[in-house]
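Trainee: Residues per chain, in single letters:
There are 2 protein chains.
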Amino acid sequence: MDTITLIGYFAGTLTTISFLPQVIRSWKTKSTHDISFAMLALFGLGMLLWATYGFWLNSPPIILANVITFALILVLLAMKIRYK
Amino acid sequence: MDTITLIGYFAGTLTTISFLPQVIRSWKTKSTHDISFAMLALFGLGMLLWATYGFWLNSPPIILANVITFALILVLLAMKIRYK
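Heads up: the protein sequence lines correspond to chains A and B, in order. Heads up: the first sequence is residues 31 to 114, going by this note's numbering. Heads up: the second sequence is residues 31 to 114, going by this note's numbering.
No lab work stands behind these hints: they were computed from the structure. Since the structure is predicted, the reported quantities are computational estimates derived from the model, not experimental observations. Hints may be right or wrong, so weigh each one.
[What the hints assert, rightly or not] Derived pair list, reagent style EDC-like, types lysine to aspartate or glutamate, alpha-carbon separation capped at 20 Å: (1) 114(B) - 32(B); (2) 60(B) - 32(A); (3) 110(B) - 64(B); (4) 114(A) - 64(B); (5) 114(A) - 32(A); (6) 60(A) - 64(B); (7) 110(B) - 32(A); (8) 58(B) - 64(A); (9) 60(A) - 32(A).
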């Protein structure tokens with residue numbers, strides 16, 4: 031695999047896992063007051079559309095990355111609604 | 031432009047602008063306690079790598095989307111440090 035493809039995979043892994051520490055923090059503190067609902071909603075919708083894009087192009091890495099991130103955003107949205 | 035390319039552009043626009051309402055909310059409330067520093071750091075590093083990927087492939091849409099998002103993440107990181 032060439033360097034730039036590796037950089038692309040590394041970038042995708044980072045942006046996908048980045049929401050995990052946010053989920054853990056919100057779960058621990060039970061507080062999501064400072065997180066913007068609009069940010070989560072827009073980002074989640076964007077993830078759904080990226081996943082659609084990935085399905086259409088039959089690209090497993092695009093599908094996988096966006097489905098995982100979408101799931102994390104859904105958890106954050108649920109906590110945002112639950113914890114206020 | 032075909033439908034799937036339009037979906038891709040729309041997805042990219044959504045994920046890029048999604049951090050704008052977060053910046054506005056944090057600016058207004060002067061509070062970033064519930065936002066995970068690790069999330070911002072990992073996501074910001076991911077954006078830098080995606081921008082590198084875009085420069086390497088000479089892809090203006092990838093560069094533009096990731097540079098704008100990186101700038102918004104930098105603002106959030108600064109507010110996270112400033113407001114605690």
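Trainee: Does each hint hold? Answer for all of them.
Mentor: Results for each hint:
no., hint, in the structure
1, 114(B) - 32(B), "46 Å, violated"
2, 60(B) - 32(A), "44 Å, violated"
3, 110(B) - 64(B), "10 Å, holds"
4, 114(A) - 64(B), "11 Å, holds"
5, 114(A) - 32(A), "46 Å, violated"
6, 60(A) - 64(B), "9 Å, holds"
7, 110(B) - 32(A), "36 Å, violated"
8, 58(B) - 64(A), "10 Å, holds"
9, 60(A) - 32(A), "43 Å, violated"
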